[in-house]
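Colleague: Dock chains D, E and W against the given chain A, drawing on the hints supplied.
There are 4 protein chains.
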Amino acid sequence: MRMKVLDHGYVEFVEAWGHGKELTVHDTGFIDNEIGIIESARQSTQGNFRGWGKDQTLLEYLYLSKPKHAGPFEFAGMTIEVQAPIFVFREWHRHRTQSYNEMSARYAPLPDNYYEPNFDNVMERAHTITKNKQAQGIDGIFLTEENSKTWLELLDTVYNRAELFYDFGLKIGIPKELARIGMPVGHYSRMRATGNLRNWLAFLTLRMDPAAQWEIQQFANAVGSIIHQKFPRTWKLFRLETSKK
Amino acid sequence: MRMKVLDHGYVEFVEAWGHGKELTVHDTGFIDNEIGIIESARQSTQGNFRGWGKDQTLLEYLYLSKPKHAGPFEFAGMTIEVQAPIFVFREWHRHRTQSYNEMSARYAPLPDNYYEPNFDNVMERAHTITKNKQAQGIDGIFLTEENSKTWLELLDTVYNRAELFYDFGLKIGIPKELARIGMPVGHYSRMRATGNLRNWLAFLTLRMDPAAQWEIQQFANAVGSIIHQKFPRTWKLFRLETSKK
Amino acid sequence: MRMKVLDHGYVEFVEAWGHGKELTVHDTGFIDNEIGIIESARQSTQGNFRGWGKDQTLLEYLYLSKPKHAGPFEFAGMTIEVQAPIFVFREWHRHRTQSYNEMSARYAPLPDNYYEPNFDNVMERAHTITKNKQAQGIDGIFLTEENSKTWLELLDTVYNRAELFYDFGLKIGIPKELARIGMPVGHYSRMRATGNLRNWLAFLTLRMDPAAQWEIQQFANAVGSIIHQKFPRTWKLFRLETSKK
Amino acid sequence: MRMKVLDHGYVEFVEAWGHGKELTVHDTGFIDNEIGIIESARQSTQGNFRGWGKDQTLLEYLYLSKPKHAGPFEFAGMTIEVQAPIFVFREWHRHRTQSYNEMSARYAPLPDNYYEPNFDNVMERAHTITKNKQAQGIDGIFLTEENSKTWLELLDTVYNRAELFYDFGLKIGIPKELARIGMPVGHYSRMRATGNLRNWLAFLTLRMDPAAQWEIQQFANAVGSIIHQKFPRTWKLFRLETSKK
Numbered sequence: 002m003r004m005k006v007l008d009h010g011y012v013e014f015v016e017a018w019g020h021g022k023e024l025t026v027h028d029t030g031f032i033d034n035e036i037g038i039i040e041s042a043r044q045s046t047q048g049n050f051r052g053w054g055k056d057q058t059l060l061e062y063l064y065l066s067k068p069k070h071a072g073p074f075e076f077a078g079m080t081i082e083v084q085a086p087i088f089v090f091r092e093w094h095r096h097r098t099q100s101y102n103e104m105s106a107r108y109a110p111l112p113d114n115y116y117e118p119n120f121d122n123v124m125e126r127a128h129t130i131t132k133n134k135q136a137q138g139i140d141g142i143f144l145t146e147e148n149s150k151t152w153l154e155l156l157d158t159v160y161n162r163a164e165l166f167y168d169f170g171l172k173i174g175i176p177k178e179l180a181r182i183g184m185p186v187g188h189y190s191r192m193r194a195t196g197n198l199r200n201w202l203a204f205l206t207l208r209m210d211p212a213a214q215w216e217i218q219q220f221a222n223a224v225g226s227i228i229h230q231k232f233p234r235t236w237k238l239f240r241l242e243t244s245k246k
Numbered sequence: 002m003r004m005k006v007l008d009h010g011y012v013e014f015v016e017a018w019g020h021g022k023e024l025t026v027h028d029t030g031f032i033d034n035e036i037g038i039i040e041s042a043r044q045s046t047q048g049n050f051r052g053w054g055k056d057q058t059l060l061e062y063l064y065l066s067k068p069k070h071a072g073p074f075e076f077a078g079m080t081i082e083v084q085a086p087i088f089v090f091r092e093w094h095r096h097r098t099q100s101y102n103e104m105s106a107r108y109a110p111l112p113d114n115y116y117e118p119n120f121d122n123v124m125e126r127a128h129t130i131t132k133n134k135q136a137q138g139i140d141g142i143f144l145t146e147e148n149s150k151t152w153l154e155l156l157d158t159v160y161n162r163a164e165l166f167y168d169f170g171l172k173i174g175i176p177k178e179l180a181r182i183g184m185p186v187g188h189y190s191r192m193r194a195t196g197n198l199r200n201w202l203a204f205l206t207l208r209m210d211p212a213a214q215w216e217i218q219q220f221a222n223a224v225g226s227i228i229h230q231k232f233p234r235t236w237k238l239f240r241l242e243t244s245k246k
Numbered sequence: 002m003r004m005k006v007l008d009h010g011y012v013e014f015v016e017a018w019g020h021g022k023e024l025t026v027h028d029t030g031f032i033d034n035e036i037g038i039i040e041s042a043r044q045s046t047q048g049n050f051r052g053w054g055k056d057q058t059l060l061e062y063l064y065l066s067k068p069k070h071a072g073p074f075e076f077a078g079m080t081i082e083v084q085a086p087i088f089v090f091r092e093w094h095r096h097r098t099q100s101y102n103e104m105s106a107r108y109a110p111l112p113d114n115y116y117e118p119n120f121d122n123v124m125e126r127a128h129t130i131t132k133n134k135q136a137q138g139i140d141g142i143f144l145t146e147e148n149s150k151t152w153l154e155l156l157d158t159v160y161n162r163a164e165l166f167y168d169f170g171l172k173i174g175i176p177k178e179l180a181r182i183g184m185p186v187g188h189y190s191r192m193r194a195t196g197n198l199r200n201w202l203a204f205l206t207l208r209m210d211p212a213a214q215w216e217i218q219q220f221a222n223a224v225g226s227i228i229h230q231k232f233p234r235t236w237k238l239f240r241l242e243t244s245k246k
Numbered sequence: 002m003r004m005k006v007l008d009h010g011y012v013e014f015v016e017a018w019g020h021g022k023e024l025t026v027h028d029t030g031f032i033d034n035e036i037g038i039i040e041s042a043r044q045s046t047q048g049n050f051r052g053w054g055k056d057q058t059l060l061e062y063l064y065l066s067k068p069k070h071a072g073p074f075e076f077a078g079m080t081i082e083v084q085a086p087i088f089v090f091r092e093w094h095r096h097r098t099q100s101y102n103e104m105s106a107r108y109a110p111l112p113d114n115y116y117e118p119n120f121d122n123v124m125e126r127a128h129t130i131t132k133n134k135q136a137q138g139i140d141g142i143f144l145t146e147e148n149s150k151t152w153l154e155l156l157d158t159v160y161n162r163a164e165l166f167y168d169f170g171l172k173i174g175i176p177k178e179l180a181r182i183g184m185p186v187g188h189y190s191r192m193r194a195t196g197n198l199r200n201w202l203a204f205l206t207l208r209m210d211p212a213a214q215w216e217i218q219q220f221a222n223a224v225g226s227i228i229h230q231k232f233p234r235t236w237k238l239f240r241l242e243t244s245k246k
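Residue numbers (my numbering), protein chains in the order written: chain A, 2 to 246; chain D, 2 to 246; chain E, 2 to 246; chain W, 2 to 246.
Don't read these hints as lab results, they were simulated from the structure.
Certain hints may be false.
The list makes no distinction among identical chains, and a pair is therefore deemed to hold if it is satisfied within one copy or across any two copies.
Claimed, not checked - Restricting the straight-line Cα-Cα distance to at most 25 Å, the calculated cross-link-like pairs of lysine-lysine (DSS-like) are:
| # | residue 1 | residue 2 |
| --- | --- | --- |
| 1 | Lys22 | Lys5 |
| 2 | Lys55 | Lys69 |
| 3 | Lys67 | Lys22 |
| 4 | Lys67 | Lys55 |
| 5 | Lys69 | Lys237 |
| 6 | Lys150 | Lys245 |
| 7 | Lys245 | Lys69 |
| 8 | Lys150 | Lys172 |
| 9 | Lys67 | Lys237 |
| 10 | Lys22 | Lys55 |
| 11 | Lys67 | Lys245 |
| 12 | Lys237 | Lys5 |
For reference, chain A alone in the conformation it holds in the complex (with noise of 0.2 Å):
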């Protein structure tokens, strides 16, 4: 299951956690990934806290409870594979609690790939009347088309002429960690992520909020349709809370 973001970027699924005792395996393919969220949940009552008897009810409470009950939600997880340009693994990786493994530029040439943004999406943000100040451009200064344009162009420049400085560092004996210095942040990289299940709704509440740059929201957004496949009773706990918001 790989899911495309921008140009050439994905987040693919790797696999899940959080089957409990019993690995159950549905004839749809669909393995029950909550059930170790509920079992280690019912650990704390010994089963016998009323209102608990049924499975959708003690997701709800320990989810919707003021505070919440989050413990349980570190007993279900999931890994993934993430290709995005350098700029939006540089956000990613401020969450402190998902494990990362990226594609080093100290070990094996880098893969050409860069990040070109789309020219209406490009003209929709630079008009878009925002309160976040980061998604705007200076103040009084309206983009033209033709400037956006000759932007775009530039930076197709700006990223060929950084992949020829990348090749000719390597051909000429520049030690790889050096030779990767000039390389832009809209370069694309590779990585594996793992969390458990608390702490990727904590990434999605901050990622896939309006404030986020936006190509994090896109792939946030992918990451919360896995979710949403391999988790989706917490995913609707996950959406109903952040809709009140």
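Modeller: Relative to the frame of chain A, chains D, E and W by itself:
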């Protein structure tokens, strides 16, 4: 797979992960949960690092390098269920990288299980000369067989009275969260614990060590034998490393 | 600054940080430990973000934004010393973002302090109608004054016998790590705890909440009043936020 | 105390903590921030553990024990400010136990600083025979002086064009968060970083190591010399330990 530990305790395997992109169940029922580690590590080099051709060579390189490449071992993990005395949990919970869900005496009456050390074990520990002051009695006191027997009988009485007192409190209407305050730390409790493989090994390094309290060593050994079964190649490297110290 | 809590417990301020580049001691002895938060946040914008001109405005922006900009509150922190019953520490230590160093019954004989609840407090808690099942007795049982007095007397006996049993064990040569297993969880222990301000506030959110056990609420309140003194602006924002929930 | 690193970078001391109950400023201005470690460790034994009488003996015991008693070193810590190229921050931020606040290109225009390696340094690194593949060029290629000079001149051009392209984007109204995507990872950024002493030492273990990229080694060395000044006894033990490996 439930392993008995001490008189009423156990460590029970719940689930493991780390199978990577393909979940392969072998004829024997064995699922290889070290593939996720290897796939994640190969991410770094895009596959073209000499000498990493074979999985085993790669795992050895990661584990035995100085400094160790520990990151990929966060891409596999394990959930277990544990029944152990409270004083063991008090030490266990100091490991802040695992997630816990323990039964709560605030929700449900406690089960009637208490840890009674074995006579031979008490004698042996009291008479072992060790650099580990914690494992010894106060200097210059020699534990006799008779005193040891008396102590074990008295312990039994302490436990019985604590149980009677607890039941009495519940029966007359003392809030559950208060009724338990006379419970001795030798009383058993139960929890689920989950963590990634890197963190489980860090736990074992400290708790299988002879400097750890004897009781938690028994639980750590049980956890170790589960890891041996579920992550055999990593276990071998862990043992190699520990034996050198 | 040591604040008495319960019958034998306390919370004592040890040190705070967050003063940033200049350590300024005011005439009153007050050190402003919120400058570190502000300096760190200004780092993001290189000083030229409109509306962040005043420290107070900036702190409010960080704290009250949705989602909250919690990162800068990790640039201040606090160490305290706490004496509390073991059952309180059992709950406290589930907060994995603080660092702890607790006295160890494995190294040194335990001090002779036990928590005896106050009669009026027991009666009040037993008779309060609450949605919080943990804080109640078993349904349908009405705690009488007489039974409550008997229970408190019996608790005293349980504690006395536990103390005698512990002393006896040490006296006859039982290893210290074993001698303590009859100790009730109402026994006092002592620790140092340290963490950054963001994490302290997360602790308070859960432990000052009416759903928390009454005893840990008292300790959390004491921690809160220290934060009030040492980080007055952040405290005000924290209270504003909590009062809205 | 600002230490220059590379051509435009620095590490600047902001504040340290760990003075424990009494803040003592010595005549020389020196504040002993290792008292907090010692006070916290003494907590474990209530003061009566033989051989821990002297602070120095205790610190050595904690640090040099197998396994190490690392917990008390979480009771001291340090905040610094760092200016370094983005590729250095990319490695730095993989340390998940520190807290970071970095300047954001989404809020404010980026400063005009780029890392240009020194000619001699490039030649030396290209010609050093090392087991560390990352630090080398592609096998069988010998870097000539002439090629190295050409590469450095081209790097300068890459940087200039990236700067022009960035300014052009801002000038025509491209949103700030997009305008930066052509920025090379050799561009400087700035942040505050904070963490406890245990975690700073873990950072140094990995980043002062010869296997680390040369540039981050320079920053780690600067951090090390601050720790040397602020935590001299712990530093001595750290060096003793590292020299043995």
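Colleague: Taking the hints in turn, state whether each one holds.
Modeller: Hints and how they fare:
1. Lys22 <-> Lys5: The answer is between: 17 Å across copies meets 25 Å, while 34 Å in one copy does not.
2. Lys55 <-> Lys69: within (18 Å within a copy, 34 Å between copies)
3. Lys67 <-> Lys22: Cα proximity of Lys67 and Lys22: none, with 29 Å in one copy and 36 Å across.
4. Lys67 <-> Lys55: For Lys67 and Lys55, only the intra-copy Cα distance (20 Å) is at most 25 Å; the inter-copy one is 34 Å.
5. Lys69 <-> Lys237: Both ways: Lys69 and Lys237 sit 15 Å apart in one copy and 23 Å across, limit 25 Å.
6. Lys150 <-> Lys245: Close neither inside one copy (40 Å) nor across copies (48 Å); limit 25 Å.
7. Lys245 <-> Lys69: Both, since 15 Å and 16 Å are each at most 25 Å.
8. Lys150 <-> Lys172: Classified as between; 14 Å across copies, 33 Å inside a copy.
9. Lys67 <-> Lys237: Answer is both; intra-copy 18 Å and inter-copy 21 Å each pass.
10. Lys22 <-> Lys55: For Lys22 and Lys55, the Cα distance is within 25 Å only inside one copy (18 Å; across copies 32 Å).
11. Lys67 <-> Lys245: both (14 Å within a copy, 12 Å between copies)
12. Lys237 <-> Lys5: The answer is within: 23 Å in one copy meets 25 Å, while 39 Å across copies does not.
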